[in-house]
Amino acid sequence: MSKHTITAGGSGAPILLKPVYDPVYHLIHLHHAGAPEQKCYIALGKKCPNSQTGWYQRCYRPGELPDVLRDPSWGEGRDVYFSLNNFFLPQRASNWTRDIRGLYVDIDYYKLDRWKSYRPEAMLEYIFLEYVEEGRLPKPSYVIFSGTGLQLVYLVNPVDYLNDKAFRLWKKLQDYLIQTLRDVGADPACSDPARVFRLAGTYNSKTGRRIYLVQYLAEPYSMEILADEWLPELVSHGKPSATSLQNPSLRRQPSRHSKSQNGSRKTEFSPRTLHLARARDLEKLVRLRRGEMDGYRECTLFLYRYLMLLLTNDPQEALEKTRRLNEMFSEPLPPKEVEQATRSAEKMWQSQNEKAGCSINRKNPASYQTLSYFYSNEKIIEQLNISHEEQRELATIIGPEEKKRRDRERKEQRRRAANRPTRLMNTARMEEKIRQVRQILEAHPGLSIRQISRMTGFSKSSVQRYLKHA
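Taken in order, the sequence shown gives residues 1 to 470; the numbers are from our numbering.
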């Protein structure tokens with residue numbers, strides 16, 4: 001690491017090591033290291049009293065930031081902020097968030113009478129002693145001294161904002177941190193993915209102080225580990241990691257972007273989670289067939305590589321994941337043949353990539369990548385010869401018959417939950433009535449439909465229907 005490397009101290013009160021004033025280290029090396037160049041933007045903003053809105057903001061690709069920060073108006077300016085997460089488009093909005101890269105708490109302790117006389121260093125020492133050492137909070141990755149208050153940041157392994165399971169886990173952890181620190185002035189409004197924080201090396205115009213940070217941990221946290229240790233009330237929080245072959249099968253999750261008409265959440269895939277679910281289905285199909293994919297290997301690998309390209313935007317990573325799927329076959333293709341047989345997937349992805357701007361509706365961010373070409377379920381089922389039994393084990397690659405079967409099951413479950421008669425219950429009742437009519441006819445063969453109707457209380461049309469089965 002650079003000369004600004006700061007090692008983590010032990011538990012207890014913080015050791016205030018060398019302050020870091022370098023904005024490039026703060027923004028690039030510390031927070032957005034490894035951010036993907038394609039379709040990824042980071043927001044920089046600053047207060048601008050002379051403008052109509054009082055705020056000036058620009059979004060840049062990660063590779064552009066070092067040159068931008070050499071401009072003194074940014075790198076050494078007043079009231080400069082940056083986004084902790086990155087975005088699909090050059091627009092800082094929560095629903096355009098691409099990766100979640102941290103948990104954070106903005107502590108405005110100076111607004112509380114009890115704490116306003118404290119200096120930031122003394123306040124941080126109190127937080128470490130009363131919260132970190134007492135086991136109420138994990139140690140922050142780094143702390144920003146904002147010139148008035150403190151900003152605690154917990155770097156996490158990047159997860160997709162569009163991954164509903166990961167987002168819900170992030171939200172629970174974020175709420176836990178804010179609630180735990182509310183007595184020292186934690187700002188509850190600082191909890192959205194598009195939040196901006198002050199940039200090291202710049203100045204706070206209210207106090208004239210220069211912003212700096214102190215780093216305590218070099219490695220990012222895993223959100224699953226944080227949840228296991230700090231959210232014991234969670235029964236199952238799942239793994240946010242989205243593309244690993246080792247992850248459990250993806251289950252359908254209610255989308256946080258939509259609700260049904262009666263207000264209850266409905267099951268729905270976003271374009272990105274749909275690609276994830278289809279990739280998982282292809283992995284599961286290989287497992288169901290115990291790797292016996294002769295005749296379907298090339299097609300399976302082609303579909304999988306294209307899905308991985310849509311998910312990762314990294315041709316090398318997508319190829320590596322495709323090779324790992326190939327290794328699950330009982331008779332894998334040679335590595336060179338894997339690349340050659342699926343090369344058209346990369347060409348198709350590059351073609352779509354050039355037209356990506358056309359596939360985004362600014363009024364409907366959930367439509368991202370909706371124009372990315374992909375086979376229909378019916379086409380995949382036909383090409384891979386997926387049986388009805390196999391479709392029952394898959395999440396999304398299903399045909400109309402399996403879809404209707406699942407709809408019937410859901411309706412049956414709702415009926416049972418509402419204590420309404422189910423289809424099976426109605427069938428059983430009808431069979432009982434047919435049995436009664438049959439017994440009456442056996443005892444009195446010459447009875448008319450009207451007489452049977454009077455004896456049983458059934459309508460004449462019902463008796464006629466039951467006689468057909470009797």
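Hints should not be assumed to be uniformly reliable.
Claimed, not checked - If you anchor each label on the Cβ, the simulated ranges turn out as follows: (1) LYS47 to ASP314: 54 to 60 Å; (2) GLY446 to HIS469: 17 to 23 Å; (3) LYS336 to PRO90: 36 to 42 Å; (4) GLY54 to ASN95: 21 to 27 Å; (5) GLN91 to LYS47: 34 to 40 Å; (6) ASP407 to GLU331: 36 to 42 Å.
Calculated from the structure, these hints are not laboratory results. Heads up, the beta-carbon is just placed ideally off N, CA and C, and yes, glycines get one too.
A quick look at each hint next to the structure:
no., hint, in the structure
1, LYS47 to ASP314: 54 to 60 Å, "violated (36 Å)"
2, GLY446 to HIS469: 17 to 23 Å, "holds (20 Å)"
3, LYS336 to PRO90: 36 to 42 Å, "holds (39 Å)"
4, GLY54 to ASN95: 21 to 27 Å, "holds (24 Å)"
5, GLN91 to LYS47: 34 to 40 Å, "violated (19 Å)"
6, ASP407 to GLU331: 36 to 42 Å, "holds (38 Å)"
Hint compliance for this structure: hints 1, 5 are not met, and every other hint is.
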